[in-house]
Every structure is written in C-alpha cells, then in structure tokens.
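Chain A is already provided as a structure; the job is to place chain B on it using the hints.
Chains A and B are the protein sequences, given in the same order. When we follow my numbering, the leftmost residue of the first sequence carries the number 1, and every step to the right adds one. When we follow my numbering, the leftmost residue of the second sequence carries the number 1, and every step to the right adds one.
These are computed hints drawn from the structure, not numbers from a lab. One or more hints might be untrue.
Same chains, same names: a pair is fine if it fits in one copy or spans any two.
Unchecked claim - For lysine-lysine, the following DSSO-like pairs were computed, each having C-alpha atoms within a straight-line distance of at most 30 Å: (1) 6 / 68; (2) 48 / 68; (3) 6 / 79; (4) 6 / 23.
These are the residues of each chain, in order.
Protein chains: 2
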Amino acid sequence: MDTELKIIGYARSDFKNRSETPKQGCEGGIEAVLEIDEAYLEAMDGLKEGSEIILLTWMHAADRSYLKVHPRGDETRPKRGVFSTRSPDRPNPVGLHPVTITGIDGNKIRVHPLEAIDGTPLIDIKNAYSPKA
Amino acid sequence: MDTELKIIGYARSDFKNRSETPKQGCEGGIEAVLEIDEAYLEAMDGLKEGSEIILLTWMHAADRSYLKVHPRGDETRPKRGVFSTRSPDRPNPVGLHPVTITGIDGNKIRVHPLEAIDGTPLIDIKNAYSPKA
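This is chain A alone, in the form it adopts within the complex (with noise of 0.2 Å):
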C-alpha cells in the first residue's frame, strides 16, 4: 500500500516558532501564504478569493511519540489521550485548519486565518462544504 506522502507546497507565515502561534487558527491566527508547488497548479483550479477551504498540514515541529499530554499544555489539566485532543503532539502530526482563501496569485494562496509556522508542509487542500463540491 502506498502511504508516502507528498508535499504539495509550503506555508509562509510570520510564526517562526511553536511557542508564537495561538493553539488555533481561530484563536489568533494571521494571515499566511500558501506556496504550491508547480506541479500541482493544475489541483488549484476552481479555488479563488473568498472560497472557504479546510487546509491539511504536517506539522513538522510535532512529537511523535506522545500518546497522553495536558490538553491545551496546560498542567492543571489532568493528562489525557492525545485522540480526545487537538495537540500537534501525536502519532501522525496531520494539521487540520479551516481558512478563508483572500487572494490567489499565480502559484501562491493567500489565507486568513492561520496558526501554521513558516515552513509548515502542506498535504492537502480540499472544499469546506462538503455536500455541495
């Protein structure tokens, strides 16, 4: 079975670090560009400005090797499994990232809003509503 994944592009953002970004897009994210390689411009068409996308990232900063973590970091929280969580920290670091498209040039999409460092490799960019695409 074929399980190697490809990198469609990369994110650039004002996030240099993990310590910088909000634990959520939807918490303080900014907005980033996303930077797709040549070779999947043709899988980019359809979207345009104002398009609502759910974006896929690796997050390559991630732990793999958690299996528990305080939710949210947050040491008073009693340690839980990392499935029950939103954490970068588990097996497969897969970001999931609900964003708005505000512009499109050329091969680079700009986004809003999102928590992504600079750097992020990008797996997937699918349609927001599912029923209607």
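Quick look at chain B alone, frame taken from chain A:
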C-alpha cells in the same frame, strides 16, 4: 523530515467497495467500527460514547495521480482542480470524517455515520471541538 505515516488502525464496515458508498458520511454513512492498534490504546484515553470526533483516514482505494475531476463524479459538470473538491482521488488521499462515537469496547470504537470502506487505514482521531480541547 519524518513524513512516514503510521497506521493507527483500520475501519471495519459493511461497505466493501467504493462504488457502494455515499460521497460523504452525512449522505448515507453507516455505523462502523474503528479497530485501533493496541500500540495506540493509551491515546484513546478521554474518548467516550457521545464524543464528536474528526477521523482522518488514508483512502487506499483512491487514485493519487488525479489533479482534476468532475465534481462528485458528475460528467455533466466541467472538470475542476481536486483541491476545490472533496474527491478521494487527489495527491494525498486523506479522508476527513466528522463522526460521533456510539460505543467503545477495548480497542474498538463504534462510530456513526461513516462512509469509508472496510479495511480503510486510520491515521488520526481529533476532538471535534478545537477551542475547548
């Protein structure tokens, strides 16, 4: 960079082929079972009946070479880039399934409504309510 996916378990479903499944869980998905690999049991801590989760799968029956498709397989609709659709055929066939847990028994999580086919590899489970978790 470590981008090798870890398979955390498999879906067990009465849907055996792509041709018999609905496009989305909310369009006729059924109750199905997530069989979690014993190595990830600890990561399940905190999940319970009634929990709303986002399941990520690896849609192994997808064709990863497609960059454009007819939306919803409807040939009367013009082809569009896969990133503006929910087609399973895409560079990284990550399935995104919002489901509710209807029961847990050891390493088996019963969920509803799921449209994934029997044997689909599982790659992640996330709490559906990001800001609280």
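Each hint tested on the structure:
Both within a single protomer and between protomers do residue 6 and residue 68 lie at most 30 Å apart by alpha-carbon distance, with minima of 28 Å and 17 Å respectively. With identical chains, the CA atoms of residue 48 and residue 68 are at most 30 Å apart between copies only, with a shortest distance of 16 Å across copies and 39 Å within one. In this assembly of identical chains, the alpha carbons of residue 6 and residue 79 lie at most 30 Å apart only when taken from different copies (22 Å versus 33 Å within one copy). For the identical chains of this complex, residue 6 and residue 23 are neighbours both inside a copy (26 Å) and across copies (24 Å), given an alpha-carbon limit of 30 Å.
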